[in-house]
Amino acid sequence: GAVVSQHPSWVICKSGTSVKIECRSLDFQATTMFWYRQFPKQSLMLMATSNEGSKATYEQGVEKDKFLINHASLTLSTLTVTSAHPEDSSFYICSASLSYGYTFGSGTRLTVV
Amino acid sequence: RKEVEQDPGPFNVPEGATVAFNCTYSNSASQSFFWYRQDCRKEPKLLMSVYSSGNEDGRFTAQLNRASQYISLLIRDSKLSDSATYLCVVIPGGGADGLTFGKGTHLIIQP
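As you go down the protein sequences, you meet chains A and B in turn.
Residues in the first sequence are numbered from 435 upward in steps of one, following the numbering used here.
Residues in the second sequence are numbered from 523 upward in steps of one, following the numbering used here.
Next comes chain A alone, as it looks inside the complex:
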């Protein structure tokens, strides 16, 4: 089946640094990639939708200058958390839409200290 490889699985960084999360579609072309985050005991919340070759669409309340999304190719989408702060600590996960449903990356657990 269609696989999305997401890296890193977990990362611990210092406050003020930037972290890049990558999602690669391994055996299909992902025209659209969705980025979610999940805080403890909360639901996954859609952050943004990225389309290959165009600007990402951000959900209300998500700062586009803080969460930089790049979808330069049909197999790679990246999310960069810039100037990370402890409140950005969360579980970030990407998802690609397929003709028969959605496939998810394995998620990235970000801890900002």
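Hints were generated in silico from the structure; no laboratory data involved.
Warning: the hint list may mix true and false statements.
Claimed, not checked - Pairs of lysine-lysine, PhoX-like flavour, derived with a Cα cap of 20 Å: (1) A:K489 <-> A:K500; (2) B:K564 <-> A:K475; (3) A:K475 <-> B:K567.
Said to hold, decoys possible - Selected chain B positions facing chain A (Cβ under 8 Å, derived; list incomplete): (4) R563; (5) K564; (6) F623.
Cβ coordinates follow ideal geometry from the N, Cα and C atoms, glycine included.
Since chain A is already given, all that's left is putting chain B on it; use the hints.
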């Protein structure tokens, strides 16, 4: 009002029992509905789609009631491996939309 609401549980159920839980959604224009399973904050995995006519997959049965805007999941003959968080998921519009997740219902199957 939250878009997708679920009872977070936890539901503690003995092995072999039948358990059911519901989910309500607020957007009457929602197009597609799913149940996902999530283990220990890993990525969600599709359990089954939900159709108006109801659908069954082994021990799992899903129902959709559009008039009342709720979705249900029934698990028969529950196994220890069924312990997980079950996420109710709705696609609010067309196929290009992201998914709207409920918080999930935590199910614990006890031996």
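Status of each hint after checking the structure:
1. Taken as a hint, the K489 (chain A) and K500 (chain A) pair is honoured in the structure, with Cα atoms around 14 Å apart against an allowance of 20 Å.
2. At roughly 13 Å between alpha-carbon atoms, K564 (chain B) and K475 (chain A) fall within 20 Å of each other, so this suggested pair holds.
3. For a cut-off of 20 Å, the pair hint linking K475 (chain A) to K567 (chain B) stands: about 18 Å separates their Cα positions.
4. At its closest, the beta carbon of R563 (chain B) sits 6 Å from a beta carbon of chain A; the interface hint therefore holds under the 8 Å criterion.
5. Because the smallest distance between the Cβ of K564 (chain B) and any Cβ of chain A comes to about 7 Å, under 8 Å, the interface hint for this residue holds.
6. For F623 (chain B), the suggested interface contact is upheld, since its CB lies about 4 Å from the closest CB of chain A, less than 8 Å.
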